[in-house]
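Trainee: Residue numbers (the numbering used here), protein chains in the order written: chain Z, 107 to 252; chain D, 476 to 574; chain V, 12 to 420.
If you are wondering where the hints come from, they were derived from the structure by calculation, not from laboratory data. The model shown is predicted, which means the values in this text are computed figures rather than measured ones. C-beta: ideal position from N, C-alpha, C; glycine also. Hints are not guaranteed to be accurate.
Unchecked claim - Using 25 Å as the maximum straight-line C-alpha spacing, the simulated BS3-like pairs for lysine-lysine come out as follows:
(1) D:Lys565 <-> D:Lys553
(2) V:Lys13 <-> V:Lys222
(3) D:Lys553 <-> D:Lys543
(4) V:Lys222 <-> D:Lys565
(5) V:Lys222 <-> D:Lys543
Claimed, not checked - Heads up, incomplete: computed chain V residues facing chain Z, CB under 8 Å, no partners named:
(6) Gly122
(7) Leu138
(8) Pro185
(9) Thr186
(10) His188
(11) Ala192
(12) Thr193
(13) Leu258
(14) Ala260
(15) Glu265
(16) Thr266
(17) Leu272
(18) Val276
As the list claims (entries may be wrong) - Beta-carbon label-pair distances, calculated as ranges:
(19) Z:Ser210 <-> V:Leu415: 31 to 37 Å
(20) Z:Arg250 <-> V:Phe134: 34 to 40 Å
(21) V:Ile338 <-> Z:Trp165: 32 to 38 Å
(22) D:Leu529 <-> V:Arg420: 54 to 60 Å
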Amino acid sequence: MRRRFAAFWVTIGLVLSLAGCGDPDQQMRSEGARAAREAVSGVRTAQLVAQSLLDGKVWDQPATVMVTDAEEALGQVATTFDARQPESAESRETYDQYSEALSSAADGVTELRIALRNGDLDAVRQQVGQLDKTAEQLEQLGERAQ
Amino acid sequence: MAADGRVLHAQLHLLDRQLIHERTGGLLGKVDDVELDLDADVPVLTALISQHELIPAGQIVAIDSAIKILPGELNLTKGDDWAEQHVVDKIPGAGDATE
Amino acid sequence: MKRLFAVTLGILTAIGGFVDIGDLVTNALVGARFGMRMAWVVVLGVIGICLYAEMSGRVVAVSGRPVFDLIRERLGRRTGLFALIASFLVTLLTLIAEVGGVALALELASGVNYLLWMPLAAFAVWLVIWRVKFSRLEQVFGLLGLLLVVFAVALWKLGPDWDSLMQQATNPGPTGHETWATYAYYGIALFGAAMTPYEVFFFSSGGVEEKWERQDLITARSNVFVGFPLGGLLSLAIAGCAAVLYLPAGIQVETLGQVILPAAVALGKLGLAIVLLGVFAATFGAALETSLSCGYTIAQYFGWQWGKFVRPRQASRFHVVIIICLILSILVLMTAVDPVKVTEYSVVFAAMALPLTYLPILIIANDPDYMDDQKNGRVLNFFALVYLGLLLLASIAAIPLMILTRAGR
């Protein structure tokens, strides 16, 4: 009788934790991963645009508009994630990790935008390489949770 | 339409039909309501009502997929006149055919 | 010979005119998130619009009256009013999205902020409607819109793995982090983008503007049965470019710039210039069509004189409605709402309004009073009813899915 009781509650507990329902640590990881994936989109777009500019495939105005759009999108992702409230020590750790990755990604694209607007192609080339690494890191972070 | 003797179904043939000017082909609005003379042996259509104007049955020329009328003195496009006077005429080119 | 020319022109115009901001954004978005796994929705949408556009073209060629004109007669004042309100609001929302699209295209080309272009764009739309002949307006923007064929060229140039694209197309369903809910939601959006209500009203009223008669049925039908499917292929090319370039990179399409970037990546500055011109023409043309449709729906419900075939002075209320709608567009866009977001919402709301706007067409196309011997056959009615069922399904599922997926997240 007691065993069945225990089994019942263990099952409930498993189901609830699998559903992530009401588990704030899991939620923080999920939201962080989602934000990381959204950030990948912005970073890769900026990278693609800048590379196209370097390859002579786009002219300045569209390139600047597209990179600025990516910069704004990234800023939004970072701000939205930063507004979250970590409730436990573990959540706090997750929060800090993702928050930092997101804001450094946003900074990277801002650097790219500045270089682009100044017509500094060397800096653009450098930033493109940097952004590639940033994107890879974000991709890994993005796969850490559903 | 007593002389004509045509049997009409008010809802199917008359209500919400487009009114068209017999001569100019201009669009004059939709039939909002009908006026019937219920005292005659067979109820007879005496008038159409559109945009609060009464169109006597005598001015109806044809009842088809649209209703052709001769508006005579009636002004059924008062809304257009207002819009024309207060807005459209103030814009250059309002009287020009498009090119 | 003259007829062949007219037919060819009509087809080309239909292809170029098929794609608007809704198709551009939704196809690119879907291609980036799902690859070609929603190609079947485009096919379904194209068949649907072919069926119903043919019906509305036939109605006007035979009866001389456009479809919306007849909705109030056949459905009565109250039902007609619902149809009017739904169609008008959706068309107005689409107009706002199109004007936003024009402004975004100009921003991309020039670097000047789209908010500065936007009132200019709306004014230009009005000016063209005020001054330019209907057939010329149709032809110029339809043909320029053909430039969007650059997406097909770009797709080919990107050298995709065609097998893998085919595999995606034949395996419908979500992929990666997507769920069946987001898949269904975007399927509905894509459906709405392909079958937007204003297209059939415009096609039908355009028949009166261009004074179609029975012999023009052939022109109307070839426009529809050749032009629209080719337009559908263009949509698939837009999705394909996004699938090839964005799906593997994890890029999600949220801006017009991302929609057109593949043309630049594949074909360089020339490709970029062509696609910008094509997008401008397609969205400007669609802005013309939607603003005229706003006027058509209201004027035709109330029986007012409408149309560009009379001088503006003779159709005053019609023109005032159009002016008001364009002013409303400017006001809404001035709130700096994202035009791409407006587009995404407009296609979903279009999908919701579809049953209310398409059912009357089916009813009228079956009515011997208007159609004489040209009313629907049984086979056509069968397929049309099937589609109506699909439209109803999409319409009912749209809001719950929008809530469930928080508008597609």
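Trainee: So, for every hint listed, does it hold in this structure?
Mentor: Right, here's what the structure says about each hint:
1. D:Lys565 <-> D:Lys553: holds, 18 Å
2. V:Lys13 <-> V:Lys222: Holds: Lys13 of chain V and Lys222 of chain V sit about 16 Å apart, inside 25 Å.
3. D:Lys553 <-> D:Lys543: The given pair, whose Cα atoms are some 19 Å apart, holds under the 25 Å limit.
4. V:Lys222 <-> D:Lys565: violated, 29 Å
5. V:Lys222 <-> D:Lys543: The hint holds at about 19 Å.
6. Gly122: This hint holds: Gly122 of chain V lies near chain Z, its Cβ roughly 3 Å from the closest one there, short of 8 Å.
7. Leu138: violated, 25 Å
8. Pro185: violated, 13 Å
9. Thr186: With a minimum Cβ separation of about 13 Å from chain Z (threshold 8 Å), the hint on Thr186 of chain V is violated.
10. His188: holds, 7 Å
11. Ala192: violated, 14 Å
12. Thr193: violated, 12 Å
13. Leu258: violated, 11 Å
14. Ala260: This hint holds: Ala260 of chain V lies near chain Z, its Cβ roughly 5 Å from the closest one there, short of 8 Å.
15. Glu265: OK, holds: Glu265 of chain V within 8 Å of chain Z, min 6 Å.
16. Thr266: With a closest approach of 5 Å, the Thr266 of chain V hint holds.
17. Leu272: holds, 7 Å
18. Val276: holds, 6 Å
19. Z:Ser210 <-> V:Leu415: 31 to 37 Å: holds, 33 Å
20. Z:Arg250 <-> V:Phe134: 34 to 40 Å: Between Arg250 of chain Z and Phe134 of chain V, where Cβ atoms are some 51 Å apart, the hint is violated.
21. V:Ile338 <-> Z:Trp165: 32 to 38 Å: Because 34 Å falls inside the window, the suggested range holds.
22. D:Leu529 <-> V:Arg420: 54 to 60 Å: holds, 58 Å
Comparing the model with each numbered hint stated earlier shows that hints 4, 7, 8, 9, 11, 12, 13 and 20 do not hold.
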